[in-house]
Each structure stands twice: as C-alpha cells, then as structure tokens.
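Chemist: The lines below spell out each chain.
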Amino acid sequence: MEFLSALDPLFFFLIFAGSLIGIVFGAIPGMTATMAVAVCLPLTYALDLNHGLALLLGLYVGGISGGLVPAILLNIPGTPSSITTTFDGYPMTQRGEGERALKVGIVSSLFGGLLSAAVLFFFAPVLADVAIKFSYVEKFLIIFFALTVIASLSRNLLMGLFSGVIGVWLALIGTYDVSYGGNGDTRLMFDFMEPYLAEGFSLLPVLIGLFGVATILDEAEKGIKENTADMKLSLQKGAKFSFSVFRKQKINLLRSGFIGTFIGMLPGVGGSAASVLSYTQAKNFSRHPEKLGTGEPEGVIASEASNNGLTGGALIPLLSLGIPGDSTTAVLIGAFTLQGVQVGPLFIGENLDTWNTMMVALLTANLMMFVTMFFAIKYIARVVMVPKYILYPIIMMMCVVGAYAINYGVMFDVWTLLLFGVGGYLAAKVGIEVAPLVIGFILGGQAEVYFVKSLESFGTLTIFFTKSPIAMFLWVLIFISVGYSIYTAVKAHRQKQAGDNGK
Amino acid sequence: MGNSGLLQVSIDFAQSHLFFPRIIHWLLLIMLVLIAVLQGIPYYRELRAGRKSLPFTSGPFDAPRLFGTIVLTIAYFLSMSYVGDLFPNTGLGFLFMSIPYMFALSLLYLHQRNRRHLLRVTVNAFIAPVVAWYVLAKLFNITLP
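So the protein sequences, as listed, match chains A and B. In this text, residue positions in the first sequence follow the numbering used here: the first is -19, and each later residue adds one. In this text, residue positions in the second sequence follow the numbering used here: the first is 11, and each later residue adds one.
Okay, chain A solo, but in the shape it has when bound:
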C-alpha cells in the first residue's frame, strides 16, 4: 500500500486540471485527445512519474469525453470517436433536449470508462504474465500481428499496410543500436545527415508534428472557418434528463462498453471503429431500430459508452506488451520513456506502485470528468465557441515547446516537428493513414531487433512457425486478421459493383 503516499493533493489537482483541459480539447472540433496529451507533455517534464501520469490520464479521459459536446450541440464530432454521437444527439438538440442528450452521453461515458478500467485492472497483469515468457520470436510475431490488425481495420487494406511499413522504414533511420546487439552502423541516410539523425527521429517531435502541426495545416488549408460563431445554445426546452432513461439500457451500456474496450485493445485502431461498431450493434438489437438516428438516447448511450471504453482498453496492450492501443497511448509511451520507465511485460510486476497509482488516477479521472461535465456542462458547452485565431497560435507555440524540450534543447527536433507536420498533411492527401504509420514507427525498431536476432540465433525462417505453441497460435490470429480484412474488402467491392450496376 506504499503507493498511497503518492496520492497528495497535487496528484488530484493534476487529474482535475488534466480532465478539464482534455474536455476543452475534445470539445473543440479538430482537436483530439492525442493532441491534448502531446501539447501538454512539456508540463510533465518537471513532474515525477506519478504526477505526470495523473495529468496525462486526466487529459486522455477528458479528451475522449469532451468530443460529445460539439457532436450533440453542433452536429460536428469533436473527436473521430464521437461520430455516431451526432446521429441521435443532434436531433435531440434540435428538439430542445440538448442538455438531456449531453447528460445521457456523460453518464454513458462514465460507465464505459469505469468498465474498461476494471477490465484493464484484471486483464493486463494476466496478459503480462503470459507475455513474460515470450522470446524474440513471439515478440516479433506480436508486432507483426499488430500491424496486420491495423491494416485490416483501416479504410483501405493496402494503404493501411503501406502506411504501417512506411512507419517502420522511418523508424529504421539512424544507427543500428549496439545496445540491442546491432553493429552500430548508420543506414538510410546520407553522410551529411549523420550529426542530426544518428539517433533517428525522436518519437515525440514526430508525434506532435503528425497530430498537432498537421492538423493545423489542414485547418489552415480550409481557411480556419469559425463555424461556431452564430450558434445559439437552446439546451433546455424539451424533456428533462432523468436516470430512468438507463433503466432499459443496461444491456446496451454493457455491450457498448465491452465493444469499446475490446476495440481499444486492438493496436492502432481508432475510436471511430469502436463507436461505429457498437452503434450498429445497438441498432441490430434494438426493439425499434427505425427510431435510431432520429434522436433516441439509446444511440447516444451506445456511442459514448463505447468510445470511453477505449481508454482502459487501449492501455491493456500498452502496459502488458508495450504496444500502444491507439495514437494517444502512443504518445503516452513517449511520456513513460521520458521518465525512464520501459513499458512491456515486466512493467506491472516491477512497478507495482506505479501501476496502482495509475489505476487510481484512471478511476479518479473518470469520476472527475463526470462531475465536471455533469454539473458544469452549460459552461463547457461555450468552449466550443473559443475562436480559432486565438487557439491555433497557442497550440503551435506549445508544439514547439514540446519538441524542443524533449531532448533538453535540440533545435533539430523542432525542425522534425515541421517536417512531419508538413509530411503528415501531404500524406493524408494521397491516402496514407497516420495511425498505422505511427504504430509502425513506434514498433519498427523493436521489430527489426527481434526479427534479425531470431534469425541470427536460429538461422532459419521456419523458427517463426515452429518455436512454440504460442507462436503457432499467433499465426492463427494473424491469418484470421488478414482473412477477415480480405473478406471485408471483397464484400465491399462486390457491394460497390452491385451499386454501380444498379445505377
């Protein structure tokens, strides 16, 4: 119970501040939880691990939850994961039931968040125990599996895989590290780049560039439209909120929460997949499916319970395998590394206090998010009206701070920020997807070490199939994941052709 000593007032204040800032980020269309975590990262440089985590987890939970505000009030999803919230939330606002819709969403968010935190608490240590026995062969296969899953759930299978491999390629730039058994030579660069790129690109400037700067460039291209200026908030004209809405929705809540948690566990899969899947399931099981989409609380519940389920779910592979479940947890990896903590199968066992503190922080973050939003929703609803011409310059400035300070003052990291900002903006134009790219970038270095070392010790490719029952099981998973993606691609293609013929 030593971890209790870490829980001082500052700890709880940081969770509160984090969830509040997160909610604001989530509530502003175009800003995401990932961006909130990336932009606020420099604040944690001065904190110790526990306090840093308190702030970051608050930001994470708040950022995912805040997205429901503009989704319900403006019909604009604040984060990709609240797309399906607009389907029923906005019609409710149009009927004058805005406040009711918001509160239904907030309660569902709390439920999803707590459910996934519970799954995390019980499941991550078990998974880590299994993962401890993994050798390089299994570790490589897990990364391979992660990459196929990302690809199979991205919009376009081939482009998803391509983006992931580009990420791996970017990760290989630099020295083949001696401390992992490499030979210390540099590759994939010209000699004049060596002073800058000997260590490769730093993770955080890359992430901040891709998620912060690229977003701003994208908005700049669209002309920085102030789409909220003439909004009138009519929150409370129709039916009032009461908890009786949830009486018949217990199964919906549970199902959606579990779907969110499960999707969150799959590496690199964004929140929109979770909410879309649980919304379709809610529709399939609903007693009156035709009403969904016309302003039914049922739809808001399904969407919001699942997207907050992501939070705990995405932390499971991060803390037990060292593989981030989504782009926000990818940034969290950076924060851990910064504090000198290696996440992976050994993390929970060796850092039991940190693990307990994290669970307390996650739980508190969910509760604080709920209290803040439930009672102050009318005021929070106004933050969607903060003008972008004020906000975006501040974000650019914070991106610079985050990139520069990460390695204690390397100007090249700031240029990395711009390079990946512009690169990310252009890449999105030609259909390259950022999420698989980031996961590939994070896992690429390890993938190389595991792959090359396995071959160096066993000398044959067959080892990847025959090493252990776990390896074979992982191959089954890989085949299922690839098979599923080919199946859905073929199905979508047939439907499209049928549609084309029908014209």
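None of these hints come from the bench; they were simulated from the model. These numbers were taken from a predicted model, which means no experiment stands behind them. Where hints are given, some of them may not hold.
As the list claims (entries may be wrong) - Calculated cross-link-like contacts (lysine to aspartate or glutamate; reagent style DMTMM-like; alpha-carbon spacing at most 20 Å):
no.	chain 1	residue 1	chain 2	residue 2
1	A	K447	A	D109
2	B	K148	A	D28
3	A	K205	B	D72
Could you slot chain B onto chain A? The hints should help.
Modeler: For chain B alone, kept in the frame of chain A given last:
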C-alpha cells in the same frame, strides 16, 4: 531441418544493419506496385472520365493561410534559434520570437479585422508566450530556445 534448406538464413554481422531495411524496401516496392495497379489505374480512369479530381484540387483551398502558416513557422524557427544563441540558456529566443509569431499567425487567421478582434489578438500574443515562458522556463526549469 534437412529439407528446409531454402529457408536457411545466415546474416553477416558487419552487414546486419542493412538486412532488415532491405526487406522493408522490397516490401514497400511490392506494395507500391500493387497500389499502382489495383488503385492507381482505376483512379486514373475516373480522373480522365472527369468523375474524380486530383487530391489537392477538390474543396476549398486557402493558399494564403496554408502557405502563410508554413512560411511564418519557418521564419519563427530560424529567428528563434538565432535570438536564442544571443541569450543562451534563458529561453528568451522563444519568448521574444513567439510574440510576433503569434500576433502574425492570429492576424492571418482572422476573418474580420476590426478593433475588438485586433485588441484580443494583441493581448493574446503578449500574454500567452509570457505565461508559457514564465511557467515552463522559470518555474519548471524546462529548456527553451
């Protein structure tokens, strides 16, 4: 393992830093060809038929704001590192250059430039960098340019 000779691999340690990148290059090349064949050709047909447009030409394209942001940011980084070298380890390069940068960027993003908006922009351009500099560089001792 007698009959798996084809799958035998031996890696020369001196060249081992190129082994995995080579595989990745082949993968990228194969996928690029696949993408060109499976998606590029249909896309090109649609393009010629006029049913689709090039990725950069559809929708609103605000060139001044986009390129303005990039140019301002490059100028910001260059000047920041220059001024930062004049006052090393103080974060003053960041402070002094953030103020004009934020002011210019806000002006660029503003749609109606009336007095009330200009006042807001000016106040923000001064307060935000000063607060950020004070909190990060002075209170938290974080390295700034």
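Chemist: Please go over all the hints and tell whether each is borne out by the structure.
Modeler: Hints versus structure:
1. A/K447 to A/D109: Status holds; Cα separation ~19 Å.
2. B/K148 to A/D28: holds (18 Å)
3. A/K205 to B/D72: holds (11 Å)
The earlier numbered hints are all upheld by this structure, with none contradicted.
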